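With the hints as constraints, model all of the structure from the sequences given.
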Amino acid sequence: MEVLRLQNLQKSFGSVRALKNASLTLREGEVVALLGDNGAGKSTLIKAISGVFPVDRGDIFVRGEKVSIRSTRDAMDLGIETIHQDTSLAPDLSIARNLFLGREPVSFGWLGVFAPLDLAKLRKAASELLKRVGISKKLDADALVSTLSGGERQSIAISRAMQFAAKVIILDEPTNNLGVEETHGVLRFVKEVRDAGHSVLLITHNIHHVFQVADRIVVMRRGEIVAEQTVADTDLLTVESIITGADMSALLKEARAK
Amino acid sequence: MPVGKRRSSLIRSPQFSSFIILVVLLAVFAVADANFLSPLNISNMMAFLPELGIIALGMTLLLTAGEFDLSVGAVFGLAPVVVMLLVQNGGVDIGVALMAGLVLCIAIGAINGLIVTKIGISSFLVTLSMLLVVRGAALYITQGFPLKSWDQPGFFVTLLAGSFNIGSFRFYTSLWWFIGLSLFAIYILRYAKLGNWISAIGSNRNAAVARGVPADAVKIWLFIATSVLAGLAGMISAFRISAASPVAGTGYELEVIAMVVVGGTALTGGRGTILGTIVGALMLRAIRNGIVLVGVPGLAYNIFVGLIILAMLILHALLQKNAARS
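Order-wise, the sequence lines are chains S and B.
To convert, note that position 125 of the first sequence is 1133 in our numbering; the numbers rise steadily by one, no gaps.
To convert, note that position 105 of the second sequence is 359 in our numbering; the numbers rise steadily by one, no gaps.
None of these hints come from the bench; they were simulated from the model.
Errors might be hidden in some of the hints.
If the Cβ cut is set under 7 Å, some of the chain S residues that face chain B in the computed set are [stated by the list, open to error]:
1. 1097
2. 1098
3. 1100
4. 1109
5. 1110
6. 1114
7. 1125
Pairwise CB distance ranges (calculated) [what the hints assert, rightly or not]:
8. S:1113 <-> B:400: 49 to 55 Å
9. S:1136 <-> B:574: 29 to 35 Å
10. B:408 <-> S:1151: 50 to 56 Å
For clarity, every value in this text was computed on a predicted model and none was experimentally measured.
Using N, Cα and C, we set each Cβ at its ideal position, and we do this for glycine too.
Structure, rendered in structure tokens:
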């Protein structure tokens, strides 16, 4: 079932056309990898979906319904959660407080921003969540995020998105700067997220990771989507050549011939 | 969290180390001069404490959100000058004049906040400029002279600067204001939804915004709160000494920031502690008072104050490093 459909999105910054007619469909329970060189328009595309700025032209459909996304809050309310490696968590706050940031459980809600946090509920929900995602053994809900490793932070951010029943989870370079083992942990987690029924849009530079977790691959170049293939139907070299625009397999043949 | 772990994290917390140093300082001063703990001297310290302490509460919240305000000392001076001018020269009722002063402080804070958040200029530059504007305004409208002394008891004077005796100690109502506002600030920062937002904004603004936290609005309101607290402190001071001066509060901005960071709040945002700020306010007050009593020459005060602040900051940095390593 279709969860998110982008139709002919266009966005310009001054004279730079960052997005030209980008269309993309994301189905339920699939991991789609969004690939492309620097400046290909990947981050413009995800910023448009996550409400950082509006598009100039084009439509966004969530579960078949046309929506307008004007703010990050709009995106979240529609079930679209975006996770950037460095911008998703506040390091000086505890895990529990981070998990509920912006959606804090409070008592006396009529007090608005002055309402007291329901700390017991906060901690309980946080521990339950940590247990559900399988990282309860090691992590304390009261621990500060600054004491966690990069991989643990990614897992926390992803599980937060899962917890709020996000339909679409956008992961922006989730494995950057992570060690080998941590990277595998995060990739395994991405698979679990998919198996739980969420759809994942994975933005990454690392093609190897894509082949480990993605169902489909979408390649962008100069603001356009230039290829869309299922992982089963393609291979690393083909994808690499599409990204760079050069025919790598031909080059390779040439090199072998010499 | 096991008890042992909790205890060690308490001991490592910055406000705790500040507290220990405060106790040591008080002990040293008490031993060096018997008058330090005399009712008169304690009464004196408690009279001054709230005036800077109240501003420090606002500054702590603002610093925790990652911004700071250099215009507080100037607002401390301008607010009472404007109120007193309205009362003395304009024949305005004191209640109305105080209202005007409040509106003025709100406006100054709002301008600071709007420029910082909407135009994106660092709060250092914005509030430094505001310091000059506000101080300049105070000097200009008074032509540089202190106002005539104004000594008419009334509801507002009692409310802000009334005094009462407990035994041989003389306390001002400003102490109640400081205690009440401190409790409120502790509640906000540690237990309220707003506090979660403030810490998150200072810790990682983008993360907070991505979660739908209205970071700009929170910062603007914190600038307003800080300005209003500075004006309130200025009024308390002016009522206490029955006079308003255009140069009152000169240099207070740095003294207040010193109180806050000595208490353990991070200058870079994200980590704030009101308890630490109270300790910091007590510490700077005690230092200023104590080194006079122990006979440090007047002109050498600031050498000691500066050195003690530096020592505190070095200690915090070392503790922080230690905590990060373990």
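Taking the hints in turn, this is what the structure says about them:
{"no.": "1", "hint": "1097", "in the structure": "holds (6 Å)"}
{"no.": "2", "hint": "1098", "in the structure": "holds (4 Å)"}
{"no.": "3", "hint": "1100", "in the structure": "holds (4 Å)"}
{"no.": "4", "hint": "1109", "in the structure": "holds (5 Å)"}
{"no.": "5", "hint": "1110", "in the structure": "holds (3 Å)"}
{"no.": "6", "hint": "1114", "in the structure": "holds (5 Å)"}
{"no.": "7", "hint": "1125", "in the structure": "holds (6 Å)"}
{"no.": "8", "hint": "S:1113 <-> B:400: 49 to 55 Å", "in the structure": "holds (53 Å)"}
{"no.": "9", "hint": "S:1136 <-> B:574: 29 to 35 Å", "in the structure": "holds (32 Å)"}
{"no.": "10", "hint": "B:408 <-> S:1151: 50 to 56 Å", "in the structure": "holds (54 Å)"}
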